[in-house]
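*Asks:* Given next are the chains, with one letter for each unit.
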Amino acid sequence: MIVPAERAVGKQVQLMATCLYDAFFDDVARATVQVLEYLGCEVVFPEGQTCCGQPAFNAGDWVVARKVVRHAAATFSGSGPIVVPSGSCAAMLFHGAALAFEHEPDWPAVRELGARTWEVLDFIVSGLGVRKWEGECRKKIAFHSSCHLRGTGTPAAARLLLGSLRGLEIVEHAEPEQCCGFGGTFSVSFPHISANMGRLKLENIRAAEPDLLVAADMSCLMHLRGLAEKLGNPLPVKHAIQVLRDALSAEGKIK
Amino acid sequence: MNKVPCFGQPVDKFVATVSDEVYHSVHSASAIKSDKRRELLARDFPDPRRLREIAGQIKRHTLDSLDKYLPLAVASLERNGAKVHFAADGDEARRVIHQILQERGARKIVKSKSMVTEEIHLNDYLAERGIEAIETDLGEFIVQIDGDQPSHIVTPIVHKNRRQIAESFERHGLGAYNDDPETITRRARKFMRDKYLAADAGITGANFVVAETGRLVLVTNEGNSRFSLAAPRLHIALVGIEKIVPADRDLAVFLNLLVRSATGQQFTAYTEFITGPRADGQRSGPSETHVVFLDNGRSEILATEYRDILRCIRCGACLNICPVYRQASGHAYRSVYPGPIGAVLSPLLAGGDFARLADLPKACSVCGACGGDACPVCIPLSDLLLRLRDKAKREHASLSARGVPPMGGFAELAARPVLWRGALSAGRALNYFPLDLAPVPPLSRWTAARTLPEFRGGEFRRWWKKRHHE
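Protein chains in written order, with this note's numbering: chain A, 14 to 268; chain B, 1373 to 1842.
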């Protein structure tokens, strides 16, 4: 993973809500705003935003992917941090784009975009220097470390913040490094393998008997939750930022 | 377990045909090897990642200077008394090897396990010319008597269990059915002994060739490569040109990594260092050593952005950790090299026939465990798989398009914010539509195994707007 050595910091942040959350998971985007504002950030939401380009990039259509990344670069102008509640969208901008743009004349501008992009939990810990989260969450949670977080600061940040909540226990599951099987368009191009991978992940997670499955990427959770529901045995899922927000709400720290 | 309907992709279709028995063999063996690799590396080295990076740098350096190291290796091998040959492709390699054998009247061959001989289908070629080549690695021997294909580059019969092996032995006249592993091994051993003693030549690959000293390095657990070189007077080693390492001291890095990554052992039972034919005064060993360097598309790969794949030391760790390989097993990849390494290497080695295997790089969820966690020489495997998807799209658009939903409409939408917002709002209609019956293929492929969450397109934007206009 190409993770920028130095990244934009500061409390004037632009929110990248992601296409998936724009369509399905508005509460995760909302929780991101609430948490960042609680931490004293001024959050801006550029309304022209659409997507990071990852679906086309993974599908091998790099011409289309570049078009979408260029749109993102134009939309998120400025020099402050861009915060996104999805590890894979963040990785698209600092790792994927580096591959797709290596021979392009506008690579410097795209590199600049990547060097401003943070996954939100990584931003809270490494960008804002928060080491502890006040509040309570009396739950056993399983944390799925999504594949696109490999080599980034997010898994450690998530464990640090979640682990500091009073009453919260992180239960470890078998084969934690194994992918959930979502993989973007992989999930519909290879439906059989994708579903088998997901069921195996669910088995491993259920064996740890968590009350809640938590991740830093809703795409994995959309897949796992959807599989569990289809199998007639629903599994509660939440983005880590929702867990942090809920802990603040429960203590009346945010409205 | 309810089965999901299968669609067009060959690897996905293959998975539906994998029996539960094969799946469990492959999955558990892969998981065990992955865990042992990780445990041993963490136990034995303070910073395994750093060691992997160093190994990757040595390999990269060697490939960058192959024009220097290859002639150096040739000079060292010749100094040691070996004869060196070059083969541009599989066809030439087969002819060179056949000619060496023919000129010496060799009809009976014992072979030590070698993926590169699989790559050029050497056994079939020799058999057609009346030369018997017996595989002496137990796994490869079972593959051979079954007329099967290896399904893993290190453990070729990971897809078989001992009952199937006992049946194969019975069929092949190696005794009545007995599935006790020790009995099976003893029978194979007895059968092999006579073959070793009667052999005219031993054919091996090489795990490494040291440029500085001309040393051929072979690692095995069964000692079969040593036996293959004990009685025969002729040794032929077929070696890919990428197997060169600069100096003996580099072997410390590679042997420590190779064996731990391959089988989760500290060291294999046998590690041989071969410096040419039997010297005066030595009591055993071949009197002639031939090294055939095989290109077969490698120098072409070296000139491309996919060159990092040539760092591979064939440990199989990427197969073992790969969640797709664990579901699909090796035969799904329709080529000699399966798993992540195969999904990159096989289409590239196919050269002009790239399109035939262009679907393999797509059979991957881009989880990155192979290159990020497992590969002992840090090959960025998932980046290479992504690059090959781009290549497939550029060179064979219609073919590759079959594997993924078309992206053109998506681009139009994603580059036009007004259209995007419109589509998000209109998409709410989805909530009122019987999705399981939807005629749109990607949607039905999703809903065959999973529910869709409630569509809430535009909700966040409405919340944002309301909040900022209060």
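Be aware that a few hints might be false.
[Stated by the list, open to error] Derived Cβ-Cβ restraints for the label pairs, each shown as a range:
1) A:246 to B:1565: 53 to 59 Å
2) A:187 to B:1477: 24 to 30 Å
3) A:247 to B:1417: 23 to 29 Å
[As the list claims (entries may be wrong)] Simulated crosslink set (DSS-like; lysine-lysine; CA at most 25 Å straight-line):
4) B:1838 to A:268
5) A:24 to B:1532
6) A:24 to B:1837
7) B:1385 to A:243
8) A:243 to A:24
9) B:1385 to B:1480
10) A:266 to A:80
11) A:266 to B:1837
12) B:1562 to A:268
13) A:266 to B:1385
[As the list claims (entries may be wrong)] Partner residues aside, some chain B positions facing chain A, computed with beta carbon under 10 Å:
14) 1410
15) 1414
16) 1415
17) 1418
18) 1738
19) 1816
20) 1827
Bear in mind the hints are in silico, worked out from the structure with no lab data behind them.
All values reported here derive from a predicted model rather than from experimental measurement.
Built from N, CA and C at the ideal position, the CB exists for glycine as well.
*Asks:* State for each hint whether it applies.
*Replies:* Here is how each hint holds up against the structure:
1. A:246 to B:1565: 53 to 59 Å: holds (56 Å)
2. A:187 to B:1477: 24 to 30 Å: violated (57 Å)
3. A:247 to B:1417: 23 to 29 Å: violated (44 Å)
4. B:1838 to A:268: Judged against 25 Å, a Cα distance of about 15 Å means the pair holds.
5. A:24 to B:1532: Given pair residue 24 (chain A), residue 1532 (chain B) is violated - Cα atoms ~59 Å apart, limit 25 Å.
6. A:24 to B:1837: holds (21 Å)
7. B:1385 to A:243: holds (22 Å)
8. A:243 to A:24: At roughly 42 Å apart (the allowed maximum being 25 Å), residue 24 (chain A) and residue 243 (chain A) break the hint.
9. B:1385 to B:1480: With Cα atoms ~40 Å apart, residue 1385 (chain B) and residue 1480 (chain B) exceed 25 Å; violated.
10. A:266 to A:80: violated (41 Å)
11. A:266 to B:1837: holds (23 Å)
12. B:1562 to A:268: At roughly 79 Å apart (the allowed maximum being 25 Å), residue 268 (chain A) and residue 1562 (chain B) break the hint.
13. A:266 to B:1385: violated (53 Å)
14. 1410: Since chain A brings a Cβ to about 9 Å from residue 1410 (chain B), closer than 10 Å, the hint holds.
15. 1414: violated (13 Å)
16. 1415: Violated, because the Cβ-Cβ distance from residue 1415 (chain B) to chain A comes to roughly 18 Å (cut-off 10 Å).
17. 1418: violated (19 Å)
18. 1738: This interface hint holds because 6 Å falls under the 10 Å limit.
19. 1816: holds (9 Å)
20. 1827: holds (6 Å)
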